[in-house]
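Participant: Listed here are the chains, written in short residue letters.
Number of protein chains: 2
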Amino acid sequence: MRLSKLFTKTLREAPADEASKNAQFLIRGGFISKVMAGVYEYMPLGWRVLDKINNIIREEMNAVGGQELFMSVFQNKDIWSATERWDGAKEVMYQFKDSSGKELGLGFTHEEPLTAAAQHFISSYKDLPKAVYQIQTKFRREERAKSGLLRGREFLMKDLYSFHADQEDLDRYYEEVAVAYDKIFKRVGVKALRTSASGGLFSKYSDEFQVLADVGEDLIYVCSECGYAENKEIHAEGGSKCPKCGHGFTEEKSIEVGNIFKLGTKFSSALGLDFTDEAGAKKPVIMASYGIGPGRLMATAVEVSNDERGIIWPETIAPYRVHLVLLDEQGARSKEQEVANKIYEDLSKKGIDVLYDDRQDKTAGEKFADADLLGCPVRLVVSKRTLEKDQVEIKMRNKKEVAFASLKDLLSQLP
Amino acid sequence: MRLSKLFTKTLREAPADEASKNAQFLIRGGFISKVMAGVYEYMPLGWRVLDKINNIIREEMNAVGGQELFMSVFQNKDIWSATERWDGAKEVMYQFKDSSGKELGLGFTHEEPLTAAAQHFISSYKDLPKAVYQIQTKFRREERAKSGLLRGREFLMKDLYSFHADQEDLDRYYEEVAVAYDKIFKRVGVKALRTSASGGLFSKYSDEFQVLADVGEDLIYVCSECGYAENKEIHAEGGSKCPKCGHGFTEEKSIEVGNIFKLGTKFSSALGLDFTDEAGAKKPVIMASYGIGPGRLMATAVEVSNDERGIIWPETIAPYRVHLVLLDEQGARSKEQEVANKIYEDLSKKGIDVLYDDRQDKTAGEKFADADLLGCPVRLVVSKRTLEKDQVEIKMRNKKEVAFASLKDLLSQLP
Chain A
45 MRLSKLFTKT
55 LREAPADEAS
65 KNAQFLIRGG
75 FISKVMAGVY
85 EYMPLGWRVL
95 DKINNIIREE
105 MNAVGGQELF
115 MSVFQNKDIW
125 SATERWDGAK
135 EVMYQFKDSS
145 GKELGLGFTH
155 EEPLTAAAQH
165 FISSYKDLPK
175 AVYQIQTKFR
185 REERAKSGLL
195 RGREFLMKDL
205 YSFHADQEDL
215 DRYYEEVAVA
225 YDKIFKRVGV
235 KALRTSASGG
245 LFSKYSDEFQ
255 VLADVGEDLI
265 YVCSECGYAE
275 NKEIHAEGGS
285 KCPKCGHGFT
295 EEKSIEVGNI
305 FKLGTKFSSA
315 LGLDFTDEAG
325 AKKPVIMASY
335 GIGPGRLMAT
345 AVEVSNDERG
355 IIWPETIAPY
365 RVHLVLLDEQ
375 GARSKEQEVA
385 NKIYEDLSKK
395 GIDVLYDDRQ
405 DKTAGEKFAD
415 ADLLGCPVRL
425 VVSKRTLEKD
435 QVEIKMRNKK
445 EVAFASLKDL
455 LSQLP
Chain B
45 MRLSKLFTKT
55 LREAPADEAS
65 KNAQFLIRGG
75 FISKVMAGVY
85 EYMPLGWRVL
95 DKINNIIREE
105 MNAVGGQELF
115 MSVFQNKDIW
125 SATERWDGAK
135 EVMYQFKDSS
145 GKELGLGFTH
155 EEPLTAAAQH
165 FISSYKDLPK
175 AVYQIQTKFR
185 REERAKSGLL
195 RGREFLMKDL
205 YSFHADQEDL
215 DRYYEEVAVA
225 YDKIFKRVGV
235 KALRTSASGG
245 LFSKYSDEFQ
255 VLADVGEDLI
265 YVCSECGYAE
275 NKEIHAEGGS
285 KCPKCGHGFT
295 EEKSIEVGNI
305 FKLGTKFSSA
315 LGLDFTDEAG
325 AKKPVIMASY
335 GIGPGRLMAT
345 AVEVSNDERG
355 IIWPETIAPY
365 RVHLVLLDEQ
375 GARSKEQEVA
385 NKIYEDLSKK
395 GIDVLYDDRQ
405 DKTAGEKFAD
415 ADLLGCPVRL
425 VVSKRTLEKD
435 QVEIKMRNKK
445 EVAFASLKDL
455 LSQLP
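Chains as they are written, first to last, in the working numbering: chain A, 45 to 459; chain B, 45 to 459.
Wrong hints could be hidden among the right ones.
Where chains are identical, the list cannot tell them apart; a pair therefore holds if satisfied intra-copy or between any two copies.
[As the list claims (entries may be wrong)] Below, simulated DSS-like cross-link-like pairs (lysine-lysine); rule was C-alpha separation at most 27 Å, straight line:
| # | residue 1 | residue 2 |
| --- | --- | --- |
| 1 | Lys134 | Lys78 |
| 2 | Lys327 | Lys53 |
| 3 | Lys433 | Lys444 |
| 4 | Lys394 | Lys411 |
| 5 | Lys141 | Lys121 |
| 6 | Lys146 | Lys134 |
| 7 | Lys379 | Lys439 |
| 8 | Lys230 | Lys443 |
What the hints contain is simulated information worked out from the structure, not anything from laboratory work.
Turn these sequences into a full structure, and let the hints guide you.
Facilitator: Structure below.
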């Protein structure tokens, strides 16, 4: 993509009411645009990052047998009344009446409708286990939405749901998904700690995946010896010593990027999702649910990987791998432009993502500042000075050193 | 995908209140599931079809320079008031107050928020032209939602918006997108007629893309000589003769699968999206918008391509290219199963989509009925009878004849 053609421009300032670093950098870089408190639009650069995150999530969900589907935003009051959650959900769920007077909610989670849909398809032990997931926009009433993409009123969510015949199978799959979650966070480039939490409906515990960060809204307790982590609620119930090895805890602030829950039979019992076991007995299906917020994950990557000049994207989710800067004092048809154009075309043909700063009306200082703000991993510079030696300057966004590659060997020397 | 593992099953009956063929076949096939009138969930098979349609659309939108982004569902009353559309939109827009008393709408189109966002990025003729698009869930009040995916209260929409410095550039790009639309509909496998329509805000005319179908809600007039088509409103204004060649019209029912509008400066003037031209004068940006409903397109493909037994998917959007049927009288570990397993693995390795009916508890009749209902283009059958001659039976969903290929040459003989 040529910067001269890109829909967005970098901005000098983010809105005054944006305190969080992720919103500041993402808005200034033109990755996102603010609609209202807690509601953002993904501009083309931001959508590229999100798409890469979503595809990493898809690959790992498919690898554990998850089948992708796409539920509706509108949800029926009836099924939420059946699980006795409609009234309790009022605080977080946008609920309203349609023109016929029927009450609807905007989905913030999909246990009820998916359990209802599964009744068409699950009736025997032979139909189990099953796992389905979606990546979808969800809605949540948030009184104080002030953390950029970390806490929104409208946000993307990956939610996986699994269906099992017995607890042993649920436990096995739950651990399989926990491993897939570890892989996702590693691939996205953030270090997430599996953290014991309360809130499971079936077993006493659930698990959260927490990324240590100054701006985190959560408090977790990490054992300095064995790495075991637990959240505030679990910590309040337990002692001051790690239950695994007896050592002490360190209190840390963190951002929750994922969570996994054993739901047991709460939803299947309430909505009548039964199956017939091998002996012919009717039993409620055992369920679990597993969430990741792709937008929150993007924001977390920004919060934990930046410097005063801008974002430092992990390579796997960078909008472009290479940011190619043309410094072109003579304007159009210069040798520099000719070489930079050729590099842009050659790398693009090789399937390498390149953001090409071909703008004619920007100074070298402005171009370097934008490259640092946008945060692509590799910066290439083509200028009169580099061409005197038939070279291209190479700098990694996360390093200080500058190196040079000969024009001929650029592709093989590209980090 | 093995049918024994697929989340969904085919159903004997669709809900009694579903009159449309698309809803009947898509629900019975397990492609979609009904939540309430006009609201459907895409189950894994349906999501695969939709994903293929979306990707065809993406390729053609990218080819005309469209940059993908993702706007928000929540929209501000303020900007809709600025264009004087808030009150008029009440009939089609879900509008409600959030907990702070602020009025919000659920987006059914995105001219206002996109024009507002573009103000950050467009200020000079050098920033033009630009084109951006999204594929996103939209919402629309529909009193009588009874046509399956053809008319929903919640539905996917691809909306492209373009920004221009002058009308000449707008006209050029508008025609470029019209050609891209033709390509999309051809690739998806439906025959769409570009149809003159009223409703343009800038020029007098807009264009609709209409697919002839008995169940269409629209009436269009097609010249039997030159193929020129116009909609009801244009026809009422014009004469009974084709304006291009003077011949008569045939009245046809049709489904609108896309539309393109020249918006002119309505939105840019109201919301202050100006640019400075080469002479230094300030002017409002000229805009156009271009819509396609991917879900409606999926439904249209079903409406125009089916028989009494089920769907006949165009190859480009079929959930799977091959439906492999194992007829296995001896049960597990038979020669038939061994051969079918190997075909499934071999074709999958070659990157061919295969839906493999490996179910043990279904009769041949049930398996053939499901293959016809699901509508994949190529049906392969492995049975005791075919293996006696080391063959596989091949039948195309859209033909009656049955052919045979030797096991060795299956891949090269696959249609």
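Participant: A separate judgement is required for each hint: does it hold in the structure or not?
Facilitator: Comparing the hints with the structure gives:
no., hint, result
1, Lys134 x Lys78, "both (26 Å within a copy, 24 Å between copies)"
2, Lys327 x Lys53, "between (58 Å within a copy, 20 Å between copies)"
3, Lys433 x Lys444, "within (22 Å within a copy, 69 Å between copies)"
4, Lys394 x Lys411, "within (25 Å within a copy, 45 Å between copies)"
5, Lys141 x Lys121, "both (10 Å within a copy, 19 Å between copies)"
6, Lys146 x Lys134, "both (16 Å within a copy, 17 Å between copies)"
7, Lys379 x Lys439, "within (22 Å within a copy, 60 Å between copies)"
8, Lys230 x Lys443, "within (21 Å within a copy, 50 Å between copies)"
This entry satisfies every hint, going by the numbered hints stated previously.
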